[in-house]
Amino acid sequence: MFKYILKRIVAFVPTLLIISLMAFIISISAPGDPVERLLRAADSEGGTSEQSNAAAQQRQELRRELGLDRPVFYFTFGTLAQPDTLFKIADQTERKALVKLVNRTGNWEAVSRYFVSLKAARKAHFGINADELVKARMVAEAGTGDSAAMSAADSARYATLKNEYQEKINLSNISYGTLMGTDDERVILTKFDTLQLLYADAGYLAKPALALADVKSAYAEVQNKPTRWKSFVPTLQWHGYFNQYHLWLFGDVPFLRENPGNRTRLGMVRGDFGKSFHDGQPIREKIGQRVMWSLLLAGLGIFFAYIISVPIGIYSAYKRNGWFDRASSIVLFVLYSLPVFFVGTWLLYMFANPDNLVWFPESGIMDPARYNADTMSFFEKVKHRAPFFVLPVLAYTYGSFAFLSRIMRVGMIEVFGQDYIRTARAKGLPEKQVVLKHALRNSLIPIITVFADIFPVAIGGSIIIEMIFSYPGMGVMIYEAVINQDYPVIVTIFTILGFFTMIGYLVSDVLYGIVDPRISYK
Amino acid sequence: MVHFLLHLLLQIAGIAAVSALFGVALQPNFQKCAIPSWKAFVPFYNLWTWSSLTKNGPFVFLLLLWSFPLPQWWLIMFSFGALLLLTLDTYCLYHQQLPGKWLMALLFTAVAGAVNYYLDGSLLLAANILLFLIPVALLIYWGRSAMVFDRDAYLATEFSFQQYALKQFKRNIPAMVSVYVLAALVLIAVFAPYLANDQPLYAKYRGKTYFPAWTSVFAPTTVDTVYNAAGKPERLQFDITNWKALKLDEVVWAPIPYSPGKSDRYNRDYASPGGPQKFKTVEGEIIEAPSRFRHHLGTDLTGADVLSGLIHGTRISLTIGLISMGIATLIGIVLGSLAGYYGDTGLRTNRIRYWLILAGIGLFFFYGGKLGFWWLGLLFFLFSLFLGWLLSRQKLGWLTDEVHVPVDTFVSRGIEILNSLPRLLIIITITAIVDRSMTLLMVIIGATSWTGIARFTRAELLRTRGLEFIDAARSLGYKESRVIFRHALPNSLAPVFVAIAFGIASAILVESGLSFLGIGVPDDVVTWGQMLSKGRQEFEARWLVYWPGFAIFVTVTAYNLIGEALRDALDPKLKQ
Chain S
1 MFKYILKRIV
11 AFVPTLLIIS
21 LMAFIISISA
31 PGDPVERLLR
41 AADSEGGTSE
51 QSNAAAQQRQ
61 ELRRELGLDR
71 PVFYFTFGTL
81 AQPDTLFKIA
91 DQTERKALVK
101 LVNRTGNWEA
111 VSRYFVSLKA
121 ARKAHFGINA
131 DELVKARMVA
141 EAGTGDSAAM
151 SAADSARYAT
161 LKNEYQEKIN
171 LSNISYGTLM
181 GTDDERVILT
191 KFDTLQLLYA
201 DAGYLAKPAL
211 ALADVKSAYA
221 EVQNKPTRWK
231 SFVPTLQWHG
241 YFNQYHLWLF
251 GDVPFLRENP
261 GNRTRLGMVR
271 GDFGKSFHDG
281 QPIREKIGQR
291 VMWSLLLAGL
301 GIFFAYIISV
311 PIGIYSAYKR
321 NGWFDRASSI
331 VLFVLYSLPV
341 FFVGTWLLYM
351 FANPDNLVWF
361 PESGIMDPAR
371 YNADTMSFFE
381 KVKHRAPFFV
391 LPVLAYTYGS
401 FAFLSRIMRV
411 GMIEVFGQDY
421 IRTARAKGLP
431 EKQVVLKHAL
441 RNSLIPIITV
451 FADIFPVAIG
461 GSIIIEMIFS
471 YPGMGVMIYE
481 AVINQDYPVI
491 VTIFTILGFF
501 TMIGYLVSDV
511 LYGIVDPRIS
521 YK
Chain Y
1001 MVHFLLHLLL
1011 QIAGIAAVSA
1021 LFGVALQPNF
1031 QKCAIPSWKA
1041 FVPFYNLWTW
1051 SSLTKNGPFV
1061 FLLLLWSFPL
1071 PQWWLIMFSF
1081 GALLLLTLDT
1091 YCLYHQQLPG
1101 KWLMALLFTA
1111 VAGAVNYYLD
1121 GSLLLAANIL
1131 LFLIPVALLI
1141 YWGRSAMVFD
1151 RDAYLATEFS
1161 FQQYALKQFK
1171 RNIPAMVSVY
1181 VLAALVLIAV
1191 FAPYLANDQP
1201 LYAKYRGKTY
1211 FPAWTSVFAP
1221 TTVDTVYNAA
1231 GKPERLQFDI
1241 TNWKALKLDE
1251 VVWAPIPYSP
1261 GKSDRYNRDY
1271 ASPGGPQKFK
1281 TVEGEIIEAP
1291 SRFRHHLGTD
1301 LTGADVLSGL
1311 IHGTRISLTI
1321 GLISMGIATL
1331 IGIVLGSLAG
1341 YYGDTGLRTN
1351 RIRYWLILAG
1361 IGLFFFYGGK
1371 LGFWWLGLLF
1381 FLFSLFLGWL
1391 LSRQKLGWLT
1401 DEVHVPVDTF
1411 VSRGIEILNS
1421 LPRLLIIITI
1431 TAIVDRSMTL
1441 LMVIIGATSW
1451 TGIARFTRAE
1461 LLRTRGLEFI
1471 DAARSLGYKE
1481 SRVIFRHALP
1491 NSLAPVFVAI
1501 AFGIASAILV
1511 ESGLSFLGIG
1521 VPDDVVTWGQ
1531 MLSKGRQEFE
1541 ARWLVYWPGF
1551 AIFVTVTAYN
1561 LIGEALRDAL
1571 DPKLKQ
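Going down the list, the protein sequences come from chains S and Y. Here the numbering used here is used: the first residue of the first sequence is 1, the next is one more, and so on. Here the numbering used here is used: the first residue of the second sequence is 1001, the next is one more, and so on.
In isolation and in its complexed conformation, chain Y is listed as follows (with noise of 0.2 Å):
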C-alpha cells in the first residue's frame, strides 16, 4: 500500500513540478495582465487560464485534452507542438504578427514527434527536456521583456464577436449541461485504462511491486519473471495473467476491476446486475461475489462485463465522432471555399498551364502508384509545373488562351453523387472491401460526410466574395490563398461549427449503427452499438440494450444540443 500512494504521490510530484516550471515561466506574463499570480502554478487551470488569453489558446487546449486518448508519441507531440504554440501566442500578443506561426508549429510537433518515435532511452529524455526546455525559455524570456499589457482592454476590442457569441452561448442552460457531461465524459475517456481494469492498479506480488494497469496502457505486453517458493520460474506476462487468481501480498483494484470484452467464465449467460454473482477466490472455491467484484451493470453472454465495456466504449466513440469529422471538416472548407469563392470563373489559368498541371498529377500517380517510383513521379509533377509556368508566359496563341477552372461545378457534382446514395450504404460497402481497421472506419466516415460542411462554406462564401472587405485585401495585392483563407473564410464559418457539431453526433451514430450491424470496427474492440447488439440477441440482459442505448443517446444528445445552442449564438439575424 506505501509503494501505491509513493507511486501516486511520484506521478502528482511530476505534474506538479511541470506545472512549477510552467509557472515560473507564465508568472511574469501573468504578474501584467493583472491575473493573480497563483494561478500560474495550478496544474492545468494555468495552461487553461493562459491560453484563454491568446489567439489560438482554446484551440491548444483542445488539443492537448483530445491527445490524451492516442498513443503515447502523438500525445507528446502534440503537447510539445502545442506548448510551442502557446509560446509564439504570447510573442505575438506584446509584438507584432511573427511570419510563419503555424509552420513553426508544426515543424516543432514534427520534431518532437520524431524525437519520441525513434530516439530510446536516456537519449530520449535528453532530448526530450531540450525539447520542452526552449518553449519554457522563450516564454520566460518574453515575458520579462514584454511591455506592459492591458488585459482588458485587450479582451474588450479584439474579440468583440466571439466574447458576445460566448455570452450568448453560456446563457443557454441545456447547451452549459451539455458541455459539462461532455467534459465528463472526456475524462471517463482519457482514464479508462485506470477506471476499468482487469489488472491492478497496484499490486505486490513475493516480494516485488508492480503497477500493472499503469505499465500495460503504453506496453500491453510487459513481461516479467518471479520465482515462487520451490524456486521455479514463473512467467508474468502483464495483459494474459488472471491477477485474481495470484496470491497476492498487497493488491489495489481498479475502481472497477474488469477488462472490457475479456470473459468472467463464472458468469457467463447474462449474469443480471441485481441478481447473483459469482467470485471464484485465490484459494480456489467459489463463492457468491462479494460487492468490490460484483458486475455493477451485469455481464453479456461471455461474461465479458458490461460497465467496463462501457466506459471504454466512450473513448471510441468520442475519438471516432471528433477524427472522422476532423478529416471531413478539412475536406469540406477546402473544398467549399474553392468552390464558393471562385465559383465556375473565377479561377483562370493558361490552357496550356491547365492541360500540363492535369498531366503532370496524371504522370505522378502513373510513376508513383504503377511503378512504385514516387519521388520520380515527384519529379515529373514539378517538372509540369514548370514548363505550365514557362509556357503560361510565352505567347502561343490558342494555346496560351485563357480558360475557367469549374470548380463549383466539380464540387457541386461531387456533392449532389455523394448525397444521393446512402451514406451508410457507401460505408458498409467501402468497409466490406478494405480489412476492418478503426483508422480506415474514421477515414470513411470522415471522406463521406464532408458533402454539408462543404455546402455550408460554398454557400457562405458566395456571399462573402461579393462583400467590400475581400475586395480591398485584393486591391491591397494580397495572394489568393491568403485572401481566402485569412480573410473570407474566418468570416464565413459561423455555420460551419453548428454543422461539425451535429457531424460529430451523426457520425457517433453511423459507427455505433455500424458496430450494431457487426461491420464497422474490428471485432476485438468492444464498443455501445456492438454490446446493444448482443442485447438483441438475448431479451432477458435489457442491461445489454438499456445501458449502451443510454450512453449513445447522452453522447449524441450532447453534441445536438452544442450545435442548436452554436446555431443560436452565431446566427447574426438573432442579434439584438
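So that you can see chain S by itself, here it is in the shape it has in the complex (with noise of 0.2 Å):
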C-alpha cells in the first residue's frame, strides 16, 4: 500500500511540472509591462519621474528582483541571425520589433549598431533645454532673457517660441521611441523624413540632427548588407538554468548572484510563491489567509452533500419506482438544473433582504462590529459566525444532490441485483443489516470515484458563490487576480488546485482499497 502511494506521489511530478508549466506560459504571453504595474501599484501619483534617472534605477532594481533579467526559460528557438542576448532587452515591443528586424535582414552586426544608434540619438535629447534656449535667443534679439522685464508684445513672443521649441523637442525625442518600437520599413523611412525637416528650421536641435545622421547611416548599412539566409537557419539557444521558470521553480542560487549567499527567492518547491503584480505583497501570505476559509467552505459543502444525498440515494434505490424515488428525481433534476448564480442571487433576495425575509446576513464572514477575537470564546466565535455561512454553503451544497443522489442510487440498484443480496436475504439477515451493510459498502465505489472530480469543480463554482457572498476566498482572489492582470497569483493558484486534486485522487485511491478489499495495490 505504501509503495503504491509513493508511486503515485512520484507519478503526480511530472504532471504537475507541466500545469505550472502551462500556466507560466500563460503569465508570461499575458500583454503589458509588469515592472510598470508594479511601480504603478507602488504610488498611485505615477509618471512624475518618467524620465528620471533615480526612476530607471529602480526599475532596473525591480527588474532584477523579479528575475525579468533572465531569458524566459532553460532554451529558446531562434535563428541564426538572432543572438542569445535578447532578452536582455527589457522593453516588450522593442524587442519584437528588434527580432523582426534581424529576421528580415539577417544582419544582427548591423541592426545592433542602428538600435544602438536609436538609442544616442535618444540619449542626444537630455541636454536640450526649451526654456534656456529661448532665453538665450530673446537675449540675443530682445536684450533680456527676463520675461518680467519684457515688453508685451515680447513677452507673447516669448511664450509662443518657449511652446514651439518644447513640441518640437518632445516631437523628435518621441519619434525616436516609435522608430526603437516599429521594424516597419515605411514607417521607418517616413519617420527619417519628419525627421530631416524637422531639423532643417531648428538649429538648437543641431545634437539630434547629427545622431540622425548616423541613425540613417546605420539604416542604411542594415538595408545593404542583408545575410538574408541566417534566418533560415533554426537554431537551439541553451541559456542554462538561470532563466525566469527556474527562478520561480526552485528559487536563485546564491552563489550566482552578484551579492553571494544573499537569496532573495526561494521559489515554488520551498512555498515562496512570489509577489504579487498588484499590491507587491508575498504571495504566499495572501493565499495563506485566503485559502483556509476556501477550503472550509468547500468542506462543509461537500460534507453536507453527501450526508444528505447518500442516504436520498439509498432510500430512493430500495423502494425503487415508489413515491418518494420519482419525487426526490424530479425535485433533485430541477435543482441540478439550476444554475448557482441564480440562486445564490435569489437566496440573497430572499433571506438577506430587508424587503424580504432577513433571516441571514448578507455577506462576508463575520461582522466587524460585534466581533472580537481577543475576548470570545471559541464556541462564541463559531456561533456568531455560523449565520454567515448558511447562505454559501447552501448554494454550493444543492447543485451536488442530484448529481451525488444518482450516482448512489444507479450503484445500490446495481447491487441489489447482484446473487450476495438474495443470499444475504435468504439467511434471514435483518432488512436493515441487507441494505445498511452487504449492499451500502459495494455500491460506496462509484461515489469515491467522484470524491477526486469534485474537487476541482468545487473551486471552479465557488468563484461565481463566493462573488456572490462577497467570501473571502480564493475564488474571489482568482476573480481579483485576472481582473488585475496578476498573473504570479494565478499561476500560483493553477498550480496548488492540481496539487490539491493530484491529492484527491490519491485519496479516492486509497479509499478504493479500504471499502473494496478485492482491489490491492500489490
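Keep in mind that a hint or two might mislead.
[As the list claims (entries may be wrong)] Pair ranges (Cβ atoms, derived): (1) Pro-1174/Y with Glu-362/S: 49 to 59 Å; (2) Pro-1522/Y with Leu-21/S: 43 to 53 Å; (3) Tyr-512/S with Pro-1174/Y: 30 to 40 Å; (4) Phe-1410/Y with Phe-451/S: 24 to 34 Å; (5) Pro-1522/Y with Gly-288/S: 32 to 42 Å; (6) Ile-1286/Y with Glu-164/S: 49 to 59 Å; (7) Gln-1394/Y with Phe-77/S: 22 to 32 Å; (8) Thr-1221/Y with Asp-184/S: 29 to 39 Å; (9) Glu-362/S with Ile-1286/Y: 33 to 43 Å; (10) Leu-1021/Y with Leu-21/S: 57 to 67 Å; (11) Ala-55/S with Thr-1221/Y: 28 to 38 Å.
[What the hints assert, rightly or not] Quick look at which bits of chain Y chain S covers, simulated, 3 or more residues with Cβ under 8 Å: (12) 1111-1119; (13) 1278-1286.
[As the list claims (entries may be wrong)] The calculated lysine-lysine pairs, modelled on PhoX-like cross-linking and capped at a C-alpha distance of 20 Å, are: (14) Lys-191/S with Lys-216/S; (15) Lys-96/S with Lys-1395/Y; (16) Lys-1370/Y with Lys-100/S.
By construction, these hints were calculated from the structure, which means they are not laboratory data. Glycine included, each C-beta is placed from N, C-alpha and C at the ideal position.
Work from the hints to combine the two standalone chains into their complex.
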C-alpha cells in the first residue's frame, strides 16, 4: 500500500510540472510590462519622474528582483541571425521589433548598430532645455531673457517660442521612441523624412540632427548588407538554469548572484510563490489567509452534500419507483439544472433582504462591529460566524445533491440485483443489515470515484458563489487576480489546485482499497 | 399597410416558389416511395419528409435550421452544401454508394460560400441560380431514372437500432416536451430580429416605404436620405434613427418594439412590469405608455427592455452551446478514438519516420509561425514526410527499428491535466489575455470541454477494437482510417451523444456564468447571465433576476432531459 502511494506521488510530479509550465506560459504571454504595473501599484501618483535617473534605477532593480532580466526558459528556439542575448532588452515592444528586424535582414551587427544609434539619438535630447534656449535667443533679440522685464509683445513671443521649441524637442524625442518599436520599413523611412524636415529649420536641435545622420547611415547598412539566409536556419539557444522559470520554480542559486549568499527567492518548491504584481505583497501570505476559508467552505459543502444525498440515494433505490423515488428525482433534477448564480442571487434576495426576510447576513464572514477575536471564546466565534455560512453553503451544496444521489441510486440498484444480496436475505438477516452493511459498502465505489473530481469543480463553482456572497476565499482572489492581470497569483493558484486535485485522486484510490478488499495495490 | 402586406406576400411567394421547385424536383421520388405527393410542395416539410428517408437527412435538416442565426453568406453556403448532400443521398438510395460524397458536398459548400462572399450584384444572382439549379436538376434526373423503391422495407431493414432507439426516445414524455421546447427556442432565436426590434418592420415616411428591421439584419448601417417639407435633406441611418420620434405615415412595429441593450430614457431606473411606464409621443409630450409600447417584463437601470434582451439572448446561448460543443466533439472524438483504438502500442512506425514527422511539424511552425512563411513551412513539412517515407523503406538498422507512438499516454495525460483544473478558472484566465469576442469564447469553451467526450470515446473504442467485425474489416485490407471512422467509431457513438447533450447544457451554464461575472462576451452583447448580474445590483428589480434565471433554467433543463432520455434510449442494457 505504502509503496503504491509513493509510486503515485512520484507520478504526480510530471503532471504538476506540466500544469505549472502551462500556467507559466499563460503568465508570460500576457500583455503589458509587470514592472510598470508594480511601480504603478507602489505609488498611485506615478508618471511624475518618468525619465529621471532614479526611476530608471528603481525599475532596473525591480526587474532584477523579479528575475525579468533573465531569459524566460531553459532554451529558446531562434534563428542563426538572432543573438542569444536578446532577452536583455527589457522593453517588450522594442524586443519584438528588433527580433522582426533581425529576421527580416539577417544582419545582427548592422541591426544592433542601428539600435545603439537610436539609443544615442534619444540620449542626445537630454541636455536640450527649451527654456534656456529661448532665453538665450531672447537675450540676443530683445536684449533681456527675463520675461518680467520684457515688453508685452516680446513676452507673448517668448511664450509662443517656448511652446514651439518644447513641441519640437518632444516630437523629435518621441519619434526615436517610435522608431525603436517598429520594424516596418515604410514607417521608418517616413519618420526619417519627418525628422529631417523638423531639423531643417531648428538649429538648436543640432545634436539630434547629427545623431539622425548616424541613425540613417546605420539603417542604410542594415538595408544594404542583408544576410538573409541566416534567418532561415533554425537554432536552439541554450540558456542554462539562469532563467525565469527556474527562478520561479527553484529560487535563485546564491553563488550566481552578484552578492553571494543572499537568496532573494526561494522558489515554488520551497513555498515561495513570489510577489503579487498588483499590490507587491508576498503571494504566500495572500493565499494563506484565504485558502483556509475556501477549504472550510468546500469541506462544509461536500460534507453536507454527501450526508444528505447518500441516504436519499439509498432510500430511493430501496423503494425503487415508489413515490419518494419519483418525487425526489424530479426535485433533484430541477435543482441540478438551476444555475448557481441564479440560486445565489435568489437566496440573497429572499433571505438577506430588508424587503423580504432578514434571516441571514448579506455578505462577508463576520460582523466587524460585534466580532472581537480577543475576548470571544471558540464557541462564541462559531456562533457568531455560523449565520454567515448558511447561504453560501446552501448555494454550494444544492447542485451536488442530484448528481451524487443519482450515482448512489444507480450503484445501489445494481448491487440489489446481485446474488449475494439475495443470499444475505435468504440467510434471514434483518433488512437493515442487508441494506446498510452488504449493499451500501459495495455501492460506495462510484461515489468515491466522484470524490477526486469534485475538488476542481468545487473551487470552480465557488468563484461565482464567493463573488455573490463576498466571501473572502480563493474564488474572489482568482477573479481579482484575473481582472488586475496579476499573473503570479494566477500561476500559483493553478499549481496549488493541480496539487490538491492530485491529492484528491490519491485519496480516492486509497479509499477504494479500504472499501473494496478485492482491489489490491501490490 | 398595403406595402407591408405586399412585402410579406413577396417573402411568402419566394419561399413558395422555391418549395414549388423542390416539389417538382422531389415529386418523382415521392411517388416512387409511395409518399403523398402534396407533401412535396409544403415548404420545409418536404425537405423534412425527404431527409427522414435518407441517411444523413436529419443531420442535413438540423444544419439548415442551425445556419439561420449565422451571417447571410454562411447561411447560403450551408444551405447549398446541405442541398447537394441531400441530392447525393438520393442517389445513394437508389444506386450504390457514391465515392467521396462528403468531399463533394464540402467542395460545393466551399464554392457556394466563396461565390456569396466575393461576388456582387447580378453576377451573384446568376451564380446562385446556377448553383441552386445543379442539385435540383440532379434530383429530378435521379428521381425519374430510379428503380422502384420500397420505402417500408428499406426503413425496416436499414435502421433497426436507430429506429428502436428513436421509439424508446419518443416514449419518454419529458424528453419529447424538451424537444418541442427547444424547437420553440430555436424558432425564437432564428426570428429574434423580427420579434424584438426598435426599428419598425414596415414604415412609410415622407412618401417613401422602408423595411428597416428586415434591412438592418444583414446590413446594419443602411443609410437613406429624405427631403423634408422645407426641402432640407434628412439623413436616416436605420440602426441609430429613433423611429419612434419620426412622424411616420404608416407603421408596423415588431411585436416587441425595443432592441436589446438600447436604453429608453423615459423608463430608466428599473421600470417595473406592472408599474407606471412613460412614453414620448411623436408630438413630444410624455404620457403613460400605451400597452403597445409597454416594457412587458420591465427594464434595467439604463431602461433597456428585459423581454427583448431575453429574446436576443436565446440566440447567444443556443449558438454558444452548439458551436462550442461542436468544437469539443470534434477534438474529443478524434483524440479519444485514436487513443482508444491504438492504445500505447497500436500505432507503429519507423523510428526515423517518427522523428522526421515530429521535425516536420517543428519546421512548419518555425517557418510559418516565427518567420511568417507558411508555404515554406508546408513545403518543409511535406518534404520531411516524403523523406520519412523514403527512408522507412531502407534498412538502416537502429534508425528504421519499429517504435510505438504512445498516443494513449499523451491523450490520457492531457485529459488528466485539463481535468485537474477548474474549467471556469482556465476559461477566465485565457479570456483575460485575449480580446473579448464571441468566436474566441466559443473556441475556448470548446477547447476546454472535450475531455468528457474523449474519455467516453476512448473507453468505447477500447471495448470495440477487440470485437470480431473490426478484425473482419482489417482482414479485408481496409485502410486504418476507414476501419476507425467507418467501422469502429459509428458503433461506439452512443455514449458520446449523451455527453454532447449534457455538454451543451454545461457550456450554456459556463457562458452565462462568465457573463454574470462580466468577463465572457463583449459588453455590448446582451446575454442572460449579464442581465442576471444587473439584477444582483438592485434587488428591487426582481424581474431582472427571475426571467433570465428562468430562461437559463428552461434551456439547461431541456438539454439535460434530452441527455437523460438519450442515455436511456441508447443503453443496450435496458433493451428488452
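Structure-based check of each hint:
1. Pro-1174/Y with Glu-362/S: 49 to 59 Å: violated, 37 Å
2. Pro-1522/Y with Leu-21/S: 43 to 53 Å: With a Cβ separation near 31 Å, Pro-1522/Y and Leu-21/S fall outside 43 to 53 Å, so the hint is violated.
3. Tyr-512/S with Pro-1174/Y: 30 to 40 Å: holds, 35 Å
4. Phe-1410/Y with Phe-451/S: 24 to 34 Å: About 26 Å separates the Cβ atoms of Phe-1410/Y and Phe-451/S, which means 24 to 34 Å holds.
5. Pro-1522/Y with Gly-288/S: 32 to 42 Å: Since the Cβ atoms of Pro-1522/Y and Gly-288/S sit about 36 Å apart, the hinted range of 32 to 42 Å holds.
6. Ile-1286/Y with Glu-164/S: 49 to 59 Å: holds, 54 Å
7. Gln-1394/Y with Phe-77/S: 22 to 32 Å: holds, 30 Å
8. Thr-1221/Y with Asp-184/S: 29 to 39 Å: Taking Cβ atoms as reference, Thr-1221/Y and Asp-184/S lie about 31 Å apart, which means the hint holds.
9. Glu-362/S with Ile-1286/Y: 33 to 43 Å: holds, 37 Å
10. Leu-1021/Y with Leu-21/S: 57 to 67 Å: About 59 Å separates the Cβ atoms of Leu-1021/Y and Leu-21/S, which means 57 to 67 Å holds.
11. Ala-55/S with Thr-1221/Y: 28 to 38 Å: With a Cβ separation near 47 Å, Ala-55/S and Thr-1221/Y fall outside 28 to 38 Å, so the hint is violated.
12. 1111-1119: violated (count 0)
13. 1278-1286: violated (count 0)
14. Lys-191/S with Lys-216/S: holds, 11 Å
15. Lys-96/S with Lys-1395/Y: With Cα atoms ~46 Å apart, Lys-96/S and Lys-1395/Y exceed 20 Å; violated.
16. Lys-1370/Y with Lys-100/S: Status holds; Cα separation ~9 Å.
In this structure, the earlier hints numbered 1, 2, 11, 12, 13, 15 are contradicted, and the remaining ones agree with it.
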